[in-house]
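Heads up: the sequence shown is residues 1 to 549, going by the working numbering.
Treat the hints with care, since some could be wrong.
[What the hints assert, rightly or not] Label pairs and their computed distance ranges (CB to CB):
(1) 221 / 117: 38 to 44 Å
(2) 32 / 132: 31 to 37 Å
(3) 35 / 117: 18 to 24 Å
(4) 188 / 88: 23 to 29 Å
(5) 238 / 113: 48 to 54 Å
(6) 132 / 173: 36 to 42 Å
(7) 196 / 233: 20 to 26 Å
(8) 171 / 33: 27 to 33 Å
(9) 240 / 106: 20 to 26 Å
(10) 388 / 336: 27 to 33 Å
Since the hints were derived computationally from the structure, they do not count as laboratory data.
We treat Cβ as the ideally placed atom computed from N, Cα and C, and that holds for glycine.
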Amino acid sequence: PLGPGDVAILNDPFAGGTHLPDVTVVAPAFLPGGRRPFAYVANRAHHADIGGMAPGSMPLATEIFQEGFRLPPVRLIARGRPQPDVLALFLANTRVREEREGDLMAQWAALRVGAERLRALLMRTGGVDRLARQMAALQAYSAALMRASLARIPRGVYRARDLLDDDGLGTERIPIAVAITIGRGEASIDFSGSAPQTRGPVNANFAVTRSAVLYVFTALAPEPIPPNEGLAWPLRILAPEGSVVHARFPAAVAGGNVETSQRIVDVLLRALAHALPARIPAASAGTMNNLALGGTFGGRSFAYYETVAGGAGAGPGGAGLSAVHTHMTNTMNTPVEVLEAYYPLRVRRQAVRRGSGGRGRHRGGDGIVRELEFLVPTEVTLLAERRRIPPYGLAGGEAGAPGRDLLIRTRLRRSFTSSSVTRLRRLTTVSTRRLVCSSSEAMMRARRPSRSWMVFSARLRMACSNFRASLRRSVTASRRVREISDCASRRMRPTKRSPSACMRFTDARTSFREIRDVRAVASAIALILLRKRGWDEHVLVLRSALICQ
């Protein structure tokens, strides 16, 4: 059992997790002097890399052992102190250990804050027994609201079927079927008829399927329902074990949480459209468009993961929204300036693809055009859907356009499947066009690195190395780094005849302790090197007004 100051960690999808990059930490909450916890606090965070056979930990795996480092529930923190052996084992199996350690410590801090606020709530409510009664009442309240919402749906059996494109390893058109039986204030959701679990990584564990069901029925409620276990009391979920919606160990499940969950939502809404045609929208994006990448830059490993939005389906009341995440995803995009400052890539284009929505009385939302250019050899994993089977329309409306992902090396053009991995050995441009309702088109253009880039890269590595050495010796800087940032934000373009303040290092001294971020200062130094050469700003990889905050 967990005691005061203890924290458990896990990510095993077959022991309470979803997929391996989602790391959960749990801690008991004690009253001062208490011997038994009165509650538990927990949080879950997606880590950009958790090991495995590909950067980003979303590979084309055939079993979970290939997807990353798998943790059953173990004690990470004991009596307020990190367990060095567990932490070392975890970090040794990731590509960017500094990021993972920082993320874990942030999760631990969140637990401490949560436990403290829970204790404060306990003091305000009048003790453990009263708080327990209030929590039980809240669950009953949520269950009552869910029953009232279900009572508004006409009784009957409503069926639907939709398809996953493929599993990335040869299995195509993977069916997900559902039969929803609506009774008096209750519902049965039966996924019998869905495909057996696949060889590729699109399998969902039962927790993911259950979450998708709860999401749909909560979204249909006429008023907000407090999210707790009471939501599930009026719902009976049947998912055959060994199927794509209830996978058995050791199935690969990286895509189940991010892609199959979206298709489960689509098929549930399609079935409910027979009962509630005036309320249910057409299919939305239906994919998270997962792009994971990694490699080595400046002698250090890097890993990055992003999702790209699509369009929302049109509804009876109006058109769908463009360029938004929908349903089982709510991630925000990383600002371009930050992305380019921290990783060896360029975002060449980010735009709405006009006219890509399905036509009808109300148009579907438009998708996104996204183009990436990789500046060093990079391994890329694409995990996406709706490339072959488009998102459906309703009430006679057209389906959204299916997506495409292309790798173009000079004159050679290659199409991607929905799930694929590629190693980009030369400087490569990745252009991912996100069409309406999860549609995507990607183009990748390859060319050799320019000599100017190679020179800059070498100078950047040297600058970063010299900076780290100087930092270790506590050498003081001779000009405030914030002034460097100001120069960058004004986009000054110095010449040899008229050097800007960014190039002078002779004024008031400032300790390096004022610098908030080592990588940000390395970016500033790289920017200075470029400006000293008088290079045009369009060659700057570090187009950042955020060099030092």
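Check the structure against each numbered hint from earlier and tell me which ones fail, lowest number first. 1, 2, 4, 5, 6, 7, 8 and 9
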